[in-house]
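*Asks:* Those sequence lines, one after another, are chains A and B. Under numbering that gives the first Met the number 0, the residue at position 71 of the first sequence is numbered 70, and the numbers go up by one with no gaps. Under numbering that gives the first Met the number 0, the residue at position 41 of the second sequence is numbered 40, and the numbers go up by one with no gaps.
Since the hints were derived computationally from the structure, they do not count as laboratory data. In this text, all values refer to a predicted model and were calculated from it rather than measured experimentally. Ideal Cβ positions, reconstructed from N, Cα and C, are used throughout, including at glycine. Careful: at least some of the hints might be erroneous.
As the list claims (entries may be wrong) - Ranges between beta-carbon positions, derived for each pair:
{"id": "1", "chain 1": "B", "residue 1": "Ala8", "chain 2": "A", "residue 2": "Val91", "range": "52 to 58 Å"}
{"id": "2", "chain 1": "A", "residue 1": "Arg9", "chain 2": "B", "residue 2": "Gly25", "range": "17 to 23 Å"}
{"id": "3", "chain 1": "A", "residue 1": "Ser187", "chain 2": "B", "residue 2": "Arg52", "range": "25 to 31 Å"}
Claimed, not checked - Listed next, the stretches of chain A that the computed footprint assigns to chain B, with coverage defined by at least 3 CB atoms under 8 Å from CB atoms of chain B:
{"id": "4", "region": "12-25"}
{"id": "5", "region": "115-128"}
{"id": "6", "region": "136-144"}
{"id": "7", "region": "150-164"}
{"id": "8", "region": "223-231"}
Stated by the list, open to error - One side of the interface only, derived from the structure: several residues of chain B facing chain A at Cβ under 8 Å:
{"id": "9", "residue": "Gln3"}
{"id": "10", "residue": "Leu7"}
{"id": "11", "residue": "Phe10"}
{"id": "12", "residue": "Gly14"}
{"id": "13", "residue": "Val29"}
{"id": "14", "residue": "Val35"}
{"id": "15", "residue": "Arg42"}
{"id": "16", "residue": "Leu46"}
{"id": "17", "residue": "Leu49"}
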Amino acid sequence: MARSGAFWQRLHRWASPPGFYRLSGHWLPWLAAASLALLALGLVWGLLYAPPDARQGNSYRIIYLHVPASFLALAGYYVMAVAGAIHLIWRVKLADMLMSAAAPLGAALTFLALFSGSLWGKPTWGTYWVWDARITSMLVLLFLYLGVMALRQAYASRETAGRACAVLALVGTVNIPIIYKSVDWWYSLHQPATIRLTAAPSMHPDMFKPLLVMIVAFYLFYAWVLILNTRAEILSRERRAAWVRELAEEDVT
Amino acid sequence: MNPQFDSLAEFAAMGGHGAYVWGVYGVAAVVMAWLVARPLRRRAQLLAALRSRRESR
């Protein structure tokens with residue numbers, strides 16, 4: 000029992016805003032270096048060295064941005080919804096800060112997924128936009144992110160705003176399986192998933208390896224920016240606390 | 000492994016699809032740089048505001 004007591008104590012300290020702020024400060028340089036290095040590697044590999052596609056030629060190289068951005072747009076929604084649930088159930092303040100950090104990041108990545116898909120659609124399908132199930136459900140995802148951001152501004156009380164955002168985020172998770180399954184359920188211009196956990200990728204290894212690098216790079220980039228956003232949110236909400244004032248003094252340089 | 004393009008001009012042209020490919024990567028670079036810069040700027044502004052409030056006291 001003593002051991003588990005120590006564990007909960009440590010978790011509690013970790014999940015406190017100043018505890019998380021200090022701890023995450025040690026991760027930042029590594030996350031930044033790793034994500035920038037992998038982004039550079041994946042970009043050079045995918046844009047310059049990967050072979051051109053037999054049918055699409057070089058326009059397919061948009062995949063090295065489109066797929067990672069789409070992955071993180073969806074994964075980011077889980078992060079936001081789970082943080083919202085934790086805030087609703089256990090009233091963890093840090094979870095609410097994470098949720099408000101995840102919304103603009105998710106919105107930006109969803110925009111990139113839609114934008115890159117649109118520019119890829121023109122040379123491939125002959126159109127920038129179609130009201131297709133996959134594309135429409137991704138647009139709904141963008142509006143869910145924007146809705147959570149707007150809802151936070153709509154309340155004077157931070158506590159009420161946090162709870163309302165969490166409820167909206169949780170209700171919006173209905174959309175996630177629809178996005179995943181949209182290419183199977185409806186006849187769609189969008190191709191079925193390239194990467195499945197249960198089968199080999201439908202892509203040549205020379206094209207697939209740089210894609211994997213870009214996906215890992217995007218996960219790291221996501222973690223990096225999520226932590227940066229959360230830290231800024233912590234400072235903003237705790238600016239009257241003594242530890243933040245001390246930090247401002249230290250940070251004179 | 001060799002580069003798939005013989006010249007910089009070919010690389011830029013992307014087989015005639017340069018505008019689409021570079022449009023995607025250009026906008027992505029701007030958006031991602033903005034994502035990183037935004038919280039850093041917010042943090043710096045917050046700390047600067049706290050310092051100036053203290054000095055004026």
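*Asks:* Now tell me if each hint is right for this structure.
*Replies:* Status of the hints after comparison with the structure:
Between B/Ala8 and A/Val91 the Cβ separation comes to about 55 Å, which falls inside the hinted range of 52 to 58 Å. As the Cβ distance of A/Arg9 to B/Gly25 is approximately 45 Å, the hint placing it in 17 to 23 Å is violated. Taken as a hint, the range 25 to 31 Å is violated for the pair A/Ser187 and B/Arg52, whose Cβ atoms sit roughly 56 Å apart. Check on the region 12-25 of chain A: 0 of its residues sit with their Cβ under 8 Å from a Cβ of chain B, so the three-residue criterion for coverage is violated.
With a cut-off of 8 Å between beta carbons, the region 115-128 of chain A has 5 residues touching chain B; three or more are needed, and the interface restraint holds. With a cut-off of 8 Å between beta carbons, the region 136-144 of chain A has 0 residues touching chain B; three or more are needed, and the interface restraint is violated. Counting residues of the region 150-164 of chain A whose C-beta sits closer than 8 Å to any C-beta of chain B gives 0, which falls short of three, so the coverage hint is violated. Check result for the region 223-231 of chain A against chain B: holds, 6 residues qualifying (beta carbon to beta carbon below 8 Å, three or more required).
For B/Gln3, the interface hint holds, since its Cβ comes within 8 Å of a Cβ in chain A; the closest pair sits about 6 Å apart. For B/Leu7, the interface hint is violated, since its Cβ never comes within 8 Å of a Cβ in chain A; the closest pair sits about 11 Å apart. A least Cβ separation of about 7 Å between B/Phe10 and chain A falls short of the 8 Å threshold, and the interface hint therefore holds. Taking 8 Å as the C-beta cut-off, the interface hint given for B/Gly14 holds, the closest approach to chain A being about 4 Å.
Taking 8 Å as the C-beta cut-off, the interface hint given for B/Val29 is violated, the closest approach to chain A being about 10 Å. For B/Val35, the interface hint holds, the least distance from its beta-carbon to any beta-carbon of chain A being 6 Å, beneath 8 Å. For the restraint placing B/Arg42 at the interface with chain A, the shortest Cβ-Cβ distance is roughly 5 Å, inside the 8 Å limit, so the hint holds. A distance limit of 8 Å between C-beta atoms decides the matter here; for B/Leu46 the minimum to chain A is near 5 Å, and the interface restraint holds.
Because the beta carbon of B/Leu49 sits about 4 Å from the nearest beta carbon in chain A, less than 8 Å, this interface hint is met.
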